[in-house]
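Undergrad: Protein chains in written order, with the working numbering: chain A, 1 to 127; chain B, 1 to 300.
Simulated from the structure, these hints should not be mistaken for laboratory data.
Do not take every clue at face value.
Only pairs whose alpha carbons sit at most 30 Å apart, straight line, appear in this in silico DSBU-like list of lysine-lysine [what the hints assert, rightly or not]:
1) B:LYS293 to A:LYS88
2) A:LYS72 to A:LYS34
3) A:LYS115 to A:LYS25
4) A:LYS90 to A:LYS80
5) A:LYS81 to B:LYS131
6) B:LYS112 to A:LYS72
Not everything, but these chain A residues come out facing chain B in the computed CB check (under 7 Å) [said to hold, decoys possible]:
7) THR68
8) GLY86
9) ARG89
10) PHE93
Quantities reported herein were computed from a predicted structural model and do not represent experimental measurements.
Heads up, the beta-carbon is just placed ideally off N, CA and C, and yes, glycines get one too.
Single-letter residue listing:
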Amino acid sequence: MVTTKYYTVVRDRRDTMTQKTQLLKGLLEGCILKIVSSKETYGYAICEELNSNDFDAINEGTVYPILTRLEKKELIYSVKKVSPLGPKRKYYFITEAGQIYLNDFLEEWEGMKLKVDKILMEVHHEE
Amino acid sequence: MKNKLSQYRRDAVAITIGLTALVFLTTYIYLNAYLKSDQAATIIARGDNLFMSSQVLVAMIVVGLSIVAVFAVYIKNKFRGQFVENLNDDFCVVFEQIEDYVGLSQLNRFEKIDLKGDVLMLFLEAQENGKTPEQVIGDDVFTFVEDMVLAYGVRNNFMNDLLTGLQFFVAYLVFVFLLLFFKGQNTFFNIEIDYLLLLFFTIASFIIIPITFSGKRKSIRSKHKRSNLPYLISVFSAIVIAVVFIASVEFLRSRFINIAWVKILMDDGVVVFRSPIHLVMVLSIIPIVHVVKKTIRRPL
Chain A
1 MVTTKYYTVV
11 RDRRDTMTQK
21 TQLLKGLLEG
31 CILKIVSSKE
41 TYGYAICEEL
51 NSNDFDAINE
61 GTVYPILTRL
71 EKKELIYSVK
81 KVSPLGPKRK
91 YYFITEAGQI
101 YLNDFLEEWE
111 GMKLKVDKIL
121 MEVHHEE
Chain B
1 MKNKLSQYRR
11 DAVAITIGLT
21 ALVFLTTYIY
31 LNAYLKSDQA
41 ATIIARGDNL
51 FMSSQVLVAM
61 IVVGLSIVAV
71 FAVYIKNKFR
81 GQFVENLNDD
91 FCVVFEQIED
101 YVGLSQLNRF
111 EKIDLKGDVL
121 MLFLEAQENG
131 KTPEQVIGDD
141 VFTFVEDMVL
151 AYGVRNNFMN
161 DLLTGLQFFV
171 AYLVFVFLLL
181 FFKGQNTFFN
191 IEIDYLLLLF
201 FTIASFIIIP
211 ITFSGKRKSI
221 RSKHKRSNLP
231 YLISVFSAIV
241 IAVVFIASVE
251 FLRSRFINIA
261 WVKILMDDGV
271 VVFRSPIHLV
281 MVLSIIPIVH
291 VVKKTIRRPL
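Using the sequences and the accompanying hints, generate a full structural model.
TA: Okay, here's the thing in structure tokens:
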């Protein structure tokens, strides 16, 4: 009985973690698209930019799969250019579809942010 | 770092020498057998130029293409070494693990090269900035590779394996026809292939290959301790299927040869390529299936 309860708690916690990760990945897609839309950039530099904007826990292992996924969805495209380190470096650019996706994301994010802030403020006042 | 460089170059040179020797040995054996054959004697007796006969010309084309392929392998190894040599030992070990995992994944050849190129560039940049592999991709190499592979799209493994089987089926077919053509018993567009051989290719392509691929996938999924057991079991199953097939054929031949369909299966054959158009149509299945496989992937 205790074991079942323990596993239920662990499973619920894992599901919450997965949801959190999915939510974060969704938000990161938007953030990365915004960075790519603003200038010519590459994977490592995108990660550095996220880190410098307080996304400390984000490492390259999270950013690179997202970049590949965005490229496969044709929201961004890449051009290989010579790098001082040897192999060619991929520079990313936003596509037209990517720009539309980004605008939708920004709109949705603004709406969601307002709703969440509203609820948080109301609950805070009630307390 | 010097040691690593020389190791990659040594590997490249060893592979090149080995493959070149294999190509020349095969060609020597083939040409030696052909030049002593009755067919060659007939051509010489007719006073025709033996080296302009289709068998010798095709052999020369195969040799030429093989040499090009061997040098492509050499150049690939050499350049891979040139860039990997710049990684320190920590990154190098992780990169080699990633290469292993990616090699077992179901990405196609170009995607594998693309993915490994991305990772190599990432590691070089991270190293330049004083990071460790753990800081870049975390503790679990497999999870990172799986994320990267999944980023290329999610596949329906069953459908993908069947389509890969179809590609193998075409490749087997063309290979056997080329072999029969080299034996020189007929013109290319008049060669018959046994129904039994076709049945075996069907089993190999659509049953044995999917089973071994599934075993490979199960092996790579064991995260912390990569076990080869599922893969070994799948290879063993494939061997069992092949043995059962051969035993069944012998059983049918000994007991039921009087039944009409058994007799046809055992003794008759079919001409698959009746004209160059048939050949082109069958060969075009390989690139078409390649495109279909890419198309049926679901983006994440």
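Undergrad: Hints the structure violates: just list their numbers, smallest first.
TA: Hint 10 contradicted; others consistent.
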